[in-house]
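Using the sequences plus the hints, can you model the full thing?
Quick mapping for you: the protein sequence lines, in order, are chains V and B. Quick note: the first sequence uses my numbering, first residue 1, plus one each step. Quick note: the second sequence uses my numbering, first residue 1, plus one each step.
Source of the hints: derived by calculation from the structure; they are not laboratory data. You can trust all of the hints, since none of them are fake.
A pair holds if it fits inside one copy or across any two, identical chains being indistinguishable in the list.
Simulated pairs of lysine to any residue, SDA-like, Cα-Cα distance not exceeding 20 Å:
#1 K241 with H290
#2 K321 with L6
#3 K3 with G118
#4 K3 with G168
#5 K259 with S197
#6 K321 with N297
#7 K86 with Y115
#8 K321 with E303
#9 K97 with T50
#10 K163 with T227
2 protein chains.
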Amino acid sequence: MAKSNLELVRECDNFPYYEDNRAAYTENLQNYYSFRVTGYDATLGYILNTVVDTFPWPKNCWSIDPAARTVTLVSLPGANAAQRSKLVAQSIADAVKQGNFELLKGWRNEMYPVYGPGGEFLLEMERSASPLFGIVTYGAHMTGYVDDPSGPKIWVPRRAKNKQTYPGMLDNTVAGGMCTGEIPSECIVREAMEEASLPESVVRANVVPRGCVTYTHVRDARAGGETGLIQPEVEYVYDLKLDPSVVPQPCDDEVEEFKLLSVSEVKEALSRGEFKPNCANIMIDFFVRHGILTPENEPDYLEIVARLHRRMDHPTASHCK
Amino acid sequence: MAKSNLELVRECDNFPYYEDNRAAYTENLQNYYSFRVTGYDATLGYILNTVVDTFPWPKNCWSIDPAARTVTLVSLPGANAAQRSKLVAQSIADAVKQGNFELLKGWRNEMYPVYGPGGEFLLEMERSASPLFGIVTYGAHMTGYVDDPSGPKIWVPRRAKNKQTYPGMLDNTVAGGMCTGEIPSECIVREAMEEASLPESVVRANVVPRGCVTYTHVRDARAGGETGLIQPEVEYVYDLKLDPSVVPQPCDDEVEEFKLLSVSEVKEALSRGEFKPNCANIMIDFFVRHGILTPENEPDYLEIVARLHRRMDHPTASHCK
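Here it is as structure tokens:
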């Protein structure tokens, strides 16, 4: 059964909207606790009830309030990000020892930042733990394409069959998560070298930032690990117009192969559900920005464009230098 | 005082968000009734309480429910769009006679469509009445620009000083509202000829659809007429790269002059508040899409991109042929 573009967007941005059904939205929120940090009036993420019940939550630094439905990291007044991060790291280490979370068995050894009101950096945590806390995560996705009289042709990699998450699915030319301290343009240059063997000079000279795609994803089995966890994500979007002579090549073992696909080949692969869900969103955004999907050939144009740019429920980062 | 890009976006998209303050959002909604049509389970617009109190609402076709806070157009089962539109037109004619609404003194003689669930065309009404009902309205905005080694230069018109709304302010190269039955690409070709004397052949050959900008605006004095009315709007966005030899010219009396401005000149005019509010949004969207505003030079990048693409509270149109 062919998937429509709106169905693909909904698979990725699959957390309910208040305006669609106010009662159902409010009821659904009862499945989660708010993740908070003392001294900051903000919800930093949504933690699934079953995680709240299972995670060790060392008493020296966590306060659980079932009435307010909050999980609060308690640190001394004047605590800094390093001190908060240490408390969180110790708690996550306890959870790893406890062994109850599938997700933590996929340890990434990368630190993801958490931001408070005004984009203040509050703490960082191991990447594999981030869906347990439901925090906003950040990445950069680049579409490499070749201009052709028939329209753009797009460099599409297939993920390695032994990859932890979404094995064998199609991906964006270059994509990666942003660790603490990384800015999107440097993330994309680094990933372009690591994942696609694209020379740094080619990327720096030609890459153009084109906006961002944002969504709130509820994880299913394909992501690996626990399901039902919330993953609000910001993906900064880049385009890279390439000379036909430049051919991306797998470099690490994360990518099986790159193929140069026509727009209709990409559309067919999308409708067959072959793209990793958030990468489908990035392709659809590319099609909107390049005038391939239009108000007159895409019946769900308005809903698609709005849902590619969901406003986050939580404070977000500023990567302004 | 220079305005930031986020301040400009907020001036246009100035209806509250639920996630910012749930209590305040709910309280604010008490200032409005829901506009509904019998047989359809959807709110089609928000009508300000003072409008509900003042509008004549002929009893043969309107049902006002203060408890449910709804204003419902009652038509016979099986009524069609033409029949509903006739009832609405008669009611608006009564209101014109009554003479209580400033807005209706700016009669436009253009019909705006109202869509129900699934994009079904339910009725149409005179453009000048649309903010009284708070319905979603549709338009198309095009940025005409010339590529220059220093970056794009943008054709910016100044609105005539005697224009009914936002006189003397800067505008997008071409912009117009979409009447019933019009599709965005035809709207932009028509307006390009009418407002900028751009030859149809040049526009058709080079115009590219690039997405849409959506927002919910609460009208202030600059819009003319009653204030506090809600205007949710969809603006389909087009780019037109022009040869330097093509110079837009005022054609009707709506535009005073066109100037070819550099990016920094446009940024300065934006920060001085010289652009009509929704046209500022379109310029900021152009800057994001063209890599002029980036995550690393615009501190409010994420909030700006999300608010340029607000998801509408009401059912919207499909302009798919």
